[in-house]
Every structure is written in C-alpha cells, then in structure tokens.
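Peer 1: Here the protein sequences line up with chains A and B, keeping their order. The numbering of the first sequence is the numbering used here, which starts it at 18 and goes up by one. The numbering of the second sequence is the numbering used here, which starts it at -14 and goes up by one.
No lab work stands behind these hints: they were computed from the structure. Treat each hint with caution, since some may be false.
Claimed, not checked - Mimicking SDA-like on lysine to any residue, the simulated pairs with C-alpha atoms at most 20 Å apart in a straight line are:
| no. | chain 1 | residue 1 | chain 2 | residue 2 |
| --- | --- | --- | --- | --- |
| 1 | B | K(-10) | A | P236 |
| 2 | B | K47 | B | A61 |
| 3 | A | K161 | A | T19 |
| 4 | A | K192 | B | D(-3) |
Claimed, not checked - Negatives, chain A to chain B, calculated, CB over 12 Å:
| no. | residue |
| --- | --- |
| 5 | R174 |
| 6 | P211 |
| 7 | S321 |
Claimed, not checked - Away from chain A, derived, C-beta distances all over 12 Å, residues of chain B:
| no. | residue |
| --- | --- |
| 8 | M(-14) |
| 9 | P(-2) |
| 10 | V10 |
| 11 | K17 |
| 12 | K22 |
| 13 | R24 |
Ideal placement from N, C-alpha and C gives every residue a C-beta, glycine not left out.
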Amino acid sequence: MTSSRITGVDRLIHALARAGVRRNEWRVSPGLYRLGAAGPDSPVFVSANYKLSFDALREALDGIDCYIMVLDTKGINVWCAAGKRTFGTDEVVYRIERTGLAEVVEHRRLILPQLSATGVAAHEVRERSGFRVTYGPVRASDIKEFMESGKASDEMRLVRFDLKDRAVLIPVEAKSALPIALGASTLAALAGDPVAAAGITAASFAGFAGVPALLPWLPGEDFSVKGFALGGLVALAAAIAALRDDGSSMGIRLLRAASYVLLLPPISAFASLNFTGCSTYTSPTGVRKEIDTYVRLMAGMAASGFIMYVAQRVARAAKG
Amino acid sequence: MAYCKENTLEYDPELCNSCGICASVCPHGVFKADKGKARLVAPSECMECGACAMNCSAGAIKVDSDVGCAAAMMKAALIGRGASSCCS
C-alpha cells in the first residue's frame, strides 16, 4: 500500500539526492504497491526503485486507483537503468512473476515510462509474460492527461533540456569538481598567487555550473568548445590582472599572462566535456568525436601553460 | 539542440511492419509513423539511446547505443575495456 502524498521528509531526500548525497541509497523495495482502491481492473504502472522516480510517479497518480510495480533498478533512475538494462526486459518479466501480478489483475497490460524503452523490448515482454507493454509519456506529470486522452501527444514524447532540467544537475557536477578545484586553488594561494587561485576557481565554476546554465547560448555545438569559450573569458580576466605592473619585467608578466591563457580554459572545457554524460541529447558518437578532437589539446595546453607558469616563477625568483 | 550530425542509426524501410513503436519511444522525434511505414524525419537528432532498435520487432532498425558518459569513455580509452559504466 502506498499513497500519492509527498511529505516534507520526501522532499528533503529529493534535495539530498539531487545534491549527490548518498544518491544510490535512496531506494524503494521492489514489489507491487497498491494506490487507492486498486482492484483487478486497475491499471499497472511500472517504476524504477530510485526514490525520486517512485515519488514522481505516485505523486502524479494522485486520485487514480492503480498498482505500481517497482523493479529492482539498484536505486537508479529510469533512463540510466534502462541504458544499463537493469530497467530491462528480464527484470520486467522476472518482477511480474515474482509479484504474482497475473493473479492480482485480470487484464494483461502494463504502462511503462517512455524512457525505459531503451532497455525494454516490449514485444519480448509480451512473448514471455503475456503482458502487453504500453509506453506512457516521458514525464510523470503528463500521465493524467495521457490516461484521460488515451494517448500521448508528440510533445509528451519529447525529452527537453531546458534551464530547469540543466540546473538540477549542477549540484552533482559540483560535488565531483569542487574538491579538486578548491584544492588546486588553495595550492595556488599558498604559492602566493591569488590571481591564479581565483582563476582556477572561476574556470572550474564556469565548467561545472556556467556551461550547464548557459548551454544553448554559448558558441559551438561541442560542449568542449562552449567550455573553452567561457573558460577563455576567465583566462582573459586573469591575463589582464597578470599584466599589471608589479615590479617585474614586461617579459615575465607576459609569460605569466600567457600561462593563464593556456592553463585556465582547459579546466572549464574538461568539466564541460564531462557534462555530456548528464545531457539528454548528446550521442556517444558525438562525445567520442569530442574526446578525440579536444582532450589532447586540453592536456597540451595545460601542460605548456604549467611549464610557462613555472618558468616565470623561476625567472621572478632569480631576479631577487 | 543541435549536436554531431553523424550517428550510427540505420533504418531499412523494407523490413518495417508499420507498428509505429519507434515513433512512440524516440525521445527526439527522429521517426514519424502516423500512416504506414515509419519515416526517418530527423536523423541528425538521434542520440543513439537505442529505444527504437530495442523495440523494433521487425529488426528494421540498428544503432550503436553505447554508454554516453565521457568519463567512462576516457577511462576505457586509458585502461582498456574494463571500465564500461558511468558514475553509478
């Protein structure tokens, strides 16, 4: 038995999951859940056992008497699990058997989230279990309209990547990028270079937050290029700061500025390239092409930038 | 949004049985199947998720639906086929 009510504790867990806090541990037990006064004629919806997925579904089903069959997707959301086949044909067939669904409902119909189609062969589920799969809309929020009209509109079947969709991914990106960024910029600060420290922090931020937020408005289609562009702005600011008269020769200042221009954009570009993994429209073919095109460039720029940076530090120290 | 126009999607209309499921499962409207056989209307939008090929009982669609995670691909390039999964 479950309900459509989402409590304050639920919302807290959603926020924690979005922030990457024990993300895979927010799970629901697999099995059959009854919503409202569900009976043998009631529809059966299928869900992943990631709490966010389950809660989104049950909230959207408010007022509908139905069953939710929760699969064991190892606490992972529908689309990712489908890609790994944990939200897959085998698990659907197994769970039907395991829950005794055929004895609970008289019909033989299942409603699956559209994005599970990546891992589920509907015709095979039918052959093996007798249950016919219908793919519902992409978003649980469209389910009511889908049930009322009996079909999904073209719009309901399209995945978007709007600002809101991109923004919720930033905390998880930040979680992996921030420790490294803060570590590196602390080292730079301790080495007596606050401009470098600020530059590293800003370039990282540009990569894990700026690019996700501004994605469609940044130049190029490749995420790496967008990262280079935003990182380039950071590098420009750092370079201008490096050219200020601080008592050293113009040559040394130019070398320092150049080192920033080479070191900072790759930080942003690399973080941006990683963001393709969270995006909803990049193909593996395209990501592979980006890796082949830009990773060596990023590494080369960072390495030469670092050498130049060390060179100007040595020259600076040598001058006394 | 536009991204890399090349992809591994292959569709053979000869084999299509007009069930229309490819159009239902595609998250980017690559296929249209409102009357008769499916038509490839936006192939460059394909993100290679594989939902169409997975659900085509006629075997008319083929696509390489690999893991799309850049980190996983870079790891695989460095240490070999051992690393296939993403962050989870």
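Peer 1: Would you list, in rising numerical order, the hints stated earlier that this structure does not obey?
Peer 2: Violated hints (numbers, rising): 2, 4, 5, 8, 10 and 11; every other hint is consistent with the structure.
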